[in-house]
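Build out the structure end to end from the sequences listed, making use of the hints.
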Amino acid sequence: AQSVTQLDSQVPVFEEAPVELRCNYSSSVSVYLFWYVQYPNQGLQLLLKYLSGSTLVKGINGFEAEFNKSQTSFHLRKPSVHISDTAEYFCAVRDTGNQFYFGTGTSLTVIP
Amino acid sequence: NAGVMQNPRHLVRRRGQEARLRCSPMKGHSHVYWYRQLPEEGLKFMVYLQKENIIDESGMPKERFSAEFPKEGPSILRIQQVVRGDSAAYFCASSPLETYGYTFGSGTRLTVV
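Note that the protein sequences, when read in sequence, are chains A and B.
Numbering-wise (the numbering used here), the first sequence opens with residue 1 and increments by one.
Numbering-wise (the numbering used here), the second sequence opens with residue 1 and increments by one.
It is worth saying that the hints were derived from the structure and are not from the lab.
All values reported here derive from a predicted model rather than from experimental measurement.
Mixed in with the good hints there might be a few duds.
List time: in silico DMTMM-like cross-link candidates among lysine to aspartate or glutamate, alpha-carbon distance up to 25 Å [as the list claims (entries may be wrong)]: (1) 49(A) <-> 52(B); (2) 44(B) <-> 16(A); (3) 49(A) <-> 41(B); (4) 27(B) <-> 52(B); (5) 27(B) <-> 40(B); (6) 44(B) <-> 18(B); (7) 69(A) <-> 20(A); (8) 51(B) <-> 88(A); (9) 49(A) <-> 20(A); (10) 27(B) <-> 63(B); (11) 49(A) <-> 66(A); (12) 27(B) <-> 85(A); (13) 44(B) <-> 15(A); (14) 69(A) <-> 16(A); (15) 69(A) <-> 15(A); (16) 51(B) <-> 68(B); (17) 49(A) <-> 18(B); (18) 71(B) <-> 56(B).
Structural data, given as structure tokens:
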């Protein structure tokens with residue numbers, strides 16, 4: 001089974017500042033990588049995914065993530081955050097099976 | 001094209017009652033997954049179903065929990081004799097036959113009092 005580690009449980013950041021949310025996973029075998037966002041009392045919305053090809057993946061709302069196979073990482077970045085980015089962010093890994101493995105989440109709070 | 005529909009959004013049950021959570025997958029999606037989100041935790045896989053088949057239930061508690069995805073109608077997650085520890089958000093996701101990402105519903109928040 002995979003394990004996914006999100007090193008920061010809470011990340012406060014000022015509006016218009018850059019942010020990086022870290023994610024590491026356990027296995028070096030072929031995996032598919034995802035970032036989901038969860039707004040309060042809502043379901044999870046897919047931000048971006050890495051399946052193959054370019055290691056830099058661009059998603060919705062100006063987010064991007066970089067797949068680093070040697071470091072087994074898939075960190076999420078945004079160069080300038082907005083108040084509306086305040087939410088819970090989950091990193092997820094899927095191996096060759098159908099099951100997703102989620103991290104425990106990072107709560108991003110954007111401070112005006 | 002409606003997304004994954006879960007109902008009810010909120011469900012309150014007394015200890016010992018039964019809880020039934022419903023999930024209608026996106027049109028054209030034949031795979032359904034149930035996840036549970038406990039407070040301060042990430043999502044934990046419970047069960048993966050296709051129409052009339054349970055494919056993987058390795059994340060389901062051995063007792064009181066069951067799931068089905070009948071030929072017609074929504075997928076149902078059933079929790080019998082609920083206890084306070086069952087209080088959580090239960091999310092359903094669906095995918096088409098071959099894909100690499102889920103579409104999640106908005107979840108059902110179960111509170112056991």
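Pair hint outcome, residue 69(A) versus residue 16(A) [Cα-Cα no greater than 25 Å]: Violated. Residue 69(A) to residue 16(A) sits at ~30 Å, over the 25 Å cutoff.
For the pair supplied as a hint, residue 44(B) and residue 18(B), confirm whether the alpha-carbon distance does not exceed 25 Å. Satisfied, since the Cα-Cα distance of roughly 21 Å is no more than 25 Å.
Below or equal to 25 Å on CA atoms is what counts here, so check residue 69(A) against residue 20(A). holds (18 Å)
Straight-line alpha-carbon gap residue 27(B) to residue 85(A), limit 25 Å: Between residue 27(B) and residue 85(A) the Cα gap is close to 29 Å, so the pair fails against 25 Å, i.e. violated.
Just to be careful, I want the Cα atoms of residue 49(A) and residue 18(B) compared with a cutoff of 25 Å; is the pair within it? Violated: residue 49(A) and residue 18(B) sit about 37 Å apart, past 25 Å.
Compare the distance between the alpha carbons of residue 49(A) and residue 20(A) with 25 Å, and conclude whether the hinted pair is satisfied. Satisfied, since the Cα-Cα distance of roughly 16 Å is no more than 25 Å.
Has the given pair, residue 51(B) with residue 68(B), been kept, meaning a C-alpha gap of at most 25 Å? holds (8 Å)
Take a quick look at whether residue 49(A) and residue 52(B) sit within 25 Å of each other, Cα to Cα. Roughly 30 Å between the alpha carbons, so the hint for residue 49(A) and residue 52(B) is violated.
Agreement of residue 27(B) and residue 40(B) with the hint, judged by alpha carbon distance not exceeding 25 Å: Violated - the C-alpha atoms of residue 40(B) and residue 27(B) are around 32 Å apart, more than 25 Å.
Hint consistency between residue 51(B) and residue 88(A) [alpha-carbon to alpha-carbon, up to 25 Å]: violated (32 Å)
Run the distance test for residue 49(A) versus residue 41(B): straight-line Cα separation, threshold 25 Å. holds (22 Å)
Need the status of pair residue 27(B), residue 63(B): alpha-carbon distance at most 25 Å? violated (31 Å)
Hint compliance for this structure: hints 1, 2, 5, 8, 10, 12, 13, 14, 15 and 17 are broken, all remaining hints hold.
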